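Asks: Based on these hints, arrange chain B on the given structure of chain A.
Protein chains: 2
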Amino acid sequence: METLSGKKVSMNTKEMESSDVVEPRDEECVEDRMDYLIKIVTQFHDHLKERASHYLGYPANQDCNDYVALSSLLKFHINNVGDPLKESVNGVHSKRFEIGVLDWFARLWNIEKDAYWGYVTNGGTEGNLHGLLLGRELLPTGILYSSKESHYSIPKIARMYRMDFETIASLESGEMDCIDLKSKLIINKDRPAIINVNIGTTFKGAVDNLDLVLQTLEDCGFSHDQFYIHCDAAIYGIIAPLLDQGHTYTFKKPIGSVSISGHKFLGSPIPCGIQMTRKSYRHVLSNNIEYIHTIDNTISGSRDGHAPIFLWYGLNMKGCKGLQKDVENCIKNARYLRDRLKHAGISTMLNEMSIIVVFERPLDHEIVHKWQLQCLGNMAHIVVMPHVAREILDNFLDDLLPKRNTWYQDGKVLPHCLAEDIGISNCACSIHGK
Amino acid sequence: METLSGKKVSMNTKEMESSDVVEPRDEECVEDRMDYLIKIVTQFHDHLKERASHYLGYPANQDCNDYVALSSLLKFHINNVGDPLKESVNGVHSKRFEIGVLDWFARLWNIEKDAYWGYVTNGGTEGNLHGLLLGRELLPTGILYSSKESHYSIPKIARMYRMDFETIASLESGEMDCIDLKSKLIINKDRPAIINVNIGTTFKGAVDNLDLVLQTLEDCGFSHDQFYIHCDAAIYGIIAPLLDQGHTYTFKKPIGSVSISGHKFLGSPIPCGIQMTRKSYRHVLSNNIEYIHTIDNTISGSRDGHAPIFLWYGLNMKGCKGLQKDVENCIKNARYLRDRLKHAGISTMLNEMSIIVVFERPLDHEIVHKWQLQCLGNMAHIVVMPHVAREILDNFLDDLLPKRNTWYQDGKVLPHCLAEDIGISNCACSIHGK
Chain A
1 METLSGKKVS MNTKEMESSD VVEPRDEECV EDRMDYLIKI VTQFHDHLKE
51 RASHYLGYPA NQDCNDYVAL SSLLKFHINN VGDPLKESVN GVHSKRFEIG
101 VLDWFARLWN IEKDAYWGYV TNGGTEGNLH GLLLGRELLP TGILYSSKES
151 HYSIPKIARM YRMDFETIAS LESGEMDCID LKSKLIINKD RPAIINVNIG
201 TTFKGAVDNL DLVLQTLEDC GFSHDQFYIH CDAAIYGIIA PLLDQGHTYT
251 FKKPIGSVSI SGHKFLGSPI PCGIQMTRKS YRHVLSNNIE YIHTIDNTIS
301 GSRDGHAPIF LWYGLNMKGC KGLQKDVENC IKNARYLRDR LKHAGISTML
351 NEMSIIVVFE RPLDHEIVHK WQLQCLGNMA HIVVMPHVAR EILDNFLDDL
401 LPKRNTWYQD GKVLPHCLAE DIGISNCACS IHGK
Chain B
1 METLSGKKVS MNTKEMESSD VVEPRDEECV EDRMDYLIKI VTQFHDHLKE
51 RASHYLGYPA NQDCNDYVAL SSLLKFHINN VGDPLKESVN GVHSKRFEIG
101 VLDWFARLWN IEKDAYWGYV TNGGTEGNLH GLLLGRELLP TGILYSSKES
151 HYSIPKIARM YRMDFETIAS LESGEMDCID LKSKLIINKD RPAIINVNIG
201 TTFKGAVDNL DLVLQTLEDC GFSHDQFYIH CDAAIYGIIA PLLDQGHTYT
251 FKKPIGSVSI SGHKFLGSPI PCGIQMTRKS YRHVLSNNIE YIHTIDNTIS
301 GSRDGHAPIF LWYGLNMKGC KGLQKDVENC IKNARYLRDR LKHAGISTML
351 NEMSIIVVFE RPLDHEIVHK WQLQCLGNMA HIVVMPHVAR EILDNFLDDL
401 LPKRNTWYQD GKVLPHCLAE DIGISNCACS IHGK
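Chains as they are written, first to last, in the UniProt record's numbering: chain A, 1 to 434; chain B, 1 to 434.
Okay, chain A solo, but in the shape it has when bound (with noise of 0.2 Å):
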């Protein structure tokens, strides 16, 4: 085996840089190693305080203070394969926590705990995986429906699975426009319907209408056992249900899946989310394995086991009233941040009760990389998560309003016109803004 230090791929011919992975020096100890590679940890970790203090265009809470209280789990490579409600010969498992968040999830959506079936995944796009998978499973002729402003990875989906989609229109607000559905329902009357819901567009924080989709469905004559509803919340899975009460996003009505991101609003190191459905799909995406002692009917196989005990951590420290209250302070800053922008004459929209707020793209590309504005066409948004406190706002305003007026000041430039974007109403160009 001596061979082996022979080996040809030389790993120290690169001169060391900070992100480089280099082979150890022979003398080298390995509390030097150690105290170099912390030095490169603790810059990067400045680097990062200060980009998550100008962190507003992204749907993830940097709120994630309290959870270095449970760095001594970093110790353990924790693993909760296959499925959180059986038990596995693999004991380094955090499942009986998983279960803890799955069960306040359970409530929050209005399901009892033995008619769930659901798990903690790697984020909102692991949720659709699983619930569209689902819906195809439970009807493989059906077809798939979703608006054009659904995330990205629906259609991505769509195309992983071989089915069929259809784009539906979408109204000003960012909502399914249900005319464009029935309209492509009557069309395909022959085949089942997969719809995914969106609670939370990922640009405008728009919520599609469900109860105007069930409606339509029934219209189009499109019984229970010929359509499947996967309700992609991963933005607002949690806001939704708690603003209305349960009276709207609730499994008392006839959906099937719903995917809720648990990094975004309610904040974790890692990114993770809750994958809920009915126990009653739980058999058909399930393979008994043997060799994992347990039933997969998972997506991603391993799951971090860390994940849960932050979530887990999370809801136990601010419970259903420190979430409304961390909702209702979003929602005051969102609107807060859209009356000061129409004060300054820039077109804003802020859908009721969202907390996504979408402008005028800034020109000056420094300002939109410096506050992490994500955009789209001439328009960019803010994200108002619990860690965007009014200073921060107030600090990004005082930073573009002085810029915007050089951009436009000797009438050369005029703002874009958002009217076809975010309707005449909300749309300050020179046109329409008065």
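FYI, nobody ran anything at the bench for these hints, they're computed from the structure.
Computed from a predicted model, the values in this text were never measured in an experiment.
Among these hints, one or two may not hold up.
[Stated by the list, open to error] Restricting the straight-line Cα-Cα distance to at most 35 Å, the calculated cross-link-like pairs of lysine-lysine (DSBU-like) are:
| id | chain 1 | residue 1 | chain 2 | residue 2 |
| --- | --- | --- | --- | --- |
| 1 | A | Lys-148 | A | Lys-434 |
| 2 | A | Lys-75 | B | Lys-86 |
| 3 | A | Lys-325 | B | Lys-370 |
| 4 | A | Lys-403 | A | Lys-49 |
| 5 | A | Lys-75 | B | Lys-189 |
| 6 | A | Lys-49 | B | Lys-279 |
| 7 | A | Lys-75 | B | Lys-412 |
| 8 | A | Lys-370 | A | Lys-148 |
| 9 | A | Lys-370 | B | Lys-113 |
| 10 | B | Lys-189 | B | Lys-252 |
| 11 | A | Lys-325 | B | Lys-39 |
| 12 | B | Lys-49 | A | Lys-49 |
| 13 | B | Lys-86 | A | Lys-39 |
| 14 | A | Lys-39 | B | Lys-189 |
| 15 | B | Lys-86 | A | Lys-49 |
| 16 | B | Lys-49 | A | Lys-279 |
| 17 | B | Lys-321 | A | Lys-39 |
| 18 | B | Lys-75 | A | Lys-49 |
| 19 | B | Lys-148 | A | Lys-86 |
| 20 | B | Lys-49 | A | Lys-75 |
| 21 | B | Lys-434 | A | Lys-412 |
| 22 | B | Lys-148 | B | Lys-403 |
| 23 | A | Lys-403 | B | Lys-86 |
| 24 | A | Lys-370 | B | Lys-252 |
| 25 | A | Lys-279 | B | Lys-370 |
| 26 | B | Lys-332 | B | Lys-49 |
| 27 | A | Lys-49 | B | Lys-113 |
| 28 | A | Lys-86 | B | Lys-86 |
| 29 | A | Lys-148 | B | Lys-86 |
| 30 | A | Lys-370 | B | Lys-279 |
| 31 | B | Lys-279 | B | Lys-113 |
Replies: Same frame as chain A, but now just chain B:
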């Protein structure tokens, strides 16, 4: 918004149990709640410590102590969404560490820095999802071939992707039977072949003979544009190239992609992996998603930014030499375990250069549970990972051997014959054992 607090779904009706999410009491202060939760986490930490010290049956390295040094980064939600090789407006990412890790694996698998594309996944399954999707999109009418000893994700993915799937027989060692492969390729000569090659099967740690697979394809008249090879190297993706010095497992051969687990041999608190392919295939799954300002050609979208830092840290601490030492130690310890089991008259198999010892399934479930042994039919296995020191193996044997004597002492029950599972020469049953 006052009505929010009147939400019907009560969160505090159940009595407090450690893993439940329980609404904080009105008078409860944050510090009290935190103390209470940390008490539960500390108990859980001690439970994990005990379970991790008896962790023999699963292919994960529990030697994760060093990673606690990175815990300050838990303050941030680090998200590497999209292509790691493209800069993003999102600044709270760790893509430079991810690239450092990918470059290292590119050197290990002999592919030039400017010729590869890859990303850090949530684990081996996501890599398989990605690699097989590449294969299917490049060869849409292709049939997927994989041995019956493949990881359960392979047939699962065939179903997800609506691909025709041919299971290939395997040899006693667990490796793909290329005679059976040949017969199935000839029958389906009119359709392209997508072949999943196992570099370390899950149960026996067998390595499919890549050269023989390539030879078989050539013998059957498949030109390079008529096949795609994905390597599922979850377990041995680091071990095999280190052992054979890059002669066999290399992108110099016509393979399309390789998926390697990060938490298995190297070790990481969080499941993760490396998916690597050729840059020329990068476009195949690309969707230009303007609003995340990046090209997303990954499966999962949002991606954990902590995992690449764990991998970067682990690789930098060990380097190639440290990993080679780990490989040597694990192989030595696996041989030690095999020899001790054989000496005790127990049916045992260990493939050449493997770290997975297959042996007679213990009759006592207590032992299976205590040592977390994976079982399949009448076989059990132990994966001799870097955390499995010889002392742990001795403790296991001290536990197993006296108990085993009691199971078979009266001669009424005889050890199962394992000749069909692991070969006559490895079987120690009353017929084959001398």
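Asks: Would you mind marking each hint as holding or not holding in the structure?
Replies: Hints versus structure:
1. A/Lys-148 x A/Lys-434: Given that 35 Å is the threshold and the Cα spacing comes to 30 Å, the pair holds.
2. A/Lys-75 x B/Lys-86: Within the cut-off at roughly 32 Å; holds.
3. A/Lys-325 x B/Lys-370: 45 Å, violated
4. A/Lys-403 x A/Lys-49: 25 Å, holds
5. A/Lys-75 x B/Lys-189: 51 Å, violated
6. A/Lys-49 x B/Lys-279: 33 Å, holds
7. A/Lys-75 x B/Lys-412: 45 Å, violated
8. A/Lys-370 x A/Lys-148: With a Cα-Cα distance of about 29 Å, the restraint between A/Lys-370 and A/Lys-148 holds, given a limit of 35 Å.
9. A/Lys-370 x B/Lys-113: 30 Å, holds
10. B/Lys-189 x B/Lys-252: 25 Å, holds
11. A/Lys-325 x B/Lys-39: 26 Å, holds
12. B/Lys-49 x A/Lys-49: Holds: B/Lys-49 and A/Lys-49 sit about 32 Å apart, inside 35 Å.
13. B/Lys-86 x A/Lys-39: Cα-Cα ~26 Å, so holds.
14. A/Lys-39 x B/Lys-189: 57 Å, violated
15. B/Lys-86 x A/Lys-49: Holds. B/Lys-86 to A/Lys-49 sits at ~22 Å (cutoff 35 Å).
16. B/Lys-49 x A/Lys-279: Holds, at roughly 33 Å.
17. B/Lys-321 x A/Lys-39: It holds: about 23 Å lies between the C-alpha atoms, which stays within 35 Å.
18. B/Lys-75 x A/Lys-49: This hinted pair holds, its Cα atoms lying about 9 Å apart.
19. B/Lys-148 x A/Lys-86: 25 Å, holds
20. B/Lys-49 x A/Lys-75: 9 Å, holds
21. B/Lys-434 x A/Lys-412: Since the Cα atoms of B/Lys-434 and A/Lys-412 sit roughly 96 Å apart, the hinted pair is violated (cutoff 35 Å).
22. B/Lys-148 x B/Lys-403: Since the Cα atoms of B/Lys-148 and B/Lys-403 sit roughly 33 Å apart, the hinted pair holds (cutoff 35 Å).
23. A/Lys-403 x B/Lys-86: 28 Å, holds
24. A/Lys-370 x B/Lys-252: Between A/Lys-370 and B/Lys-252 the Cα gap is close to 42 Å, so the pair fails against 35 Å, i.e. violated.
25. A/Lys-279 x B/Lys-370: Status holds; Cα separation ~31 Å.
26. B/Lys-332 x B/Lys-49: Within the cut-off at roughly 25 Å; holds.
27. A/Lys-49 x B/Lys-113: The given pair, whose Cα atoms are some 31 Å apart, holds under the 35 Å limit.
28. A/Lys-86 x B/Lys-86: Violated, because 40 Å separates the two Cα atoms, which is more than 35 Å.
29. A/Lys-148 x B/Lys-86: The hint holds at about 25 Å.
30. A/Lys-370 x B/Lys-279: Measuring from Cα to Cα gives roughly 31 Å; hence the hint holds.
31. B/Lys-279 x B/Lys-113: 10 Å, holds
In this structure, the hints that do not hold are numbers 3, 5, 7, 14, 21, 24, 28, in rising order.
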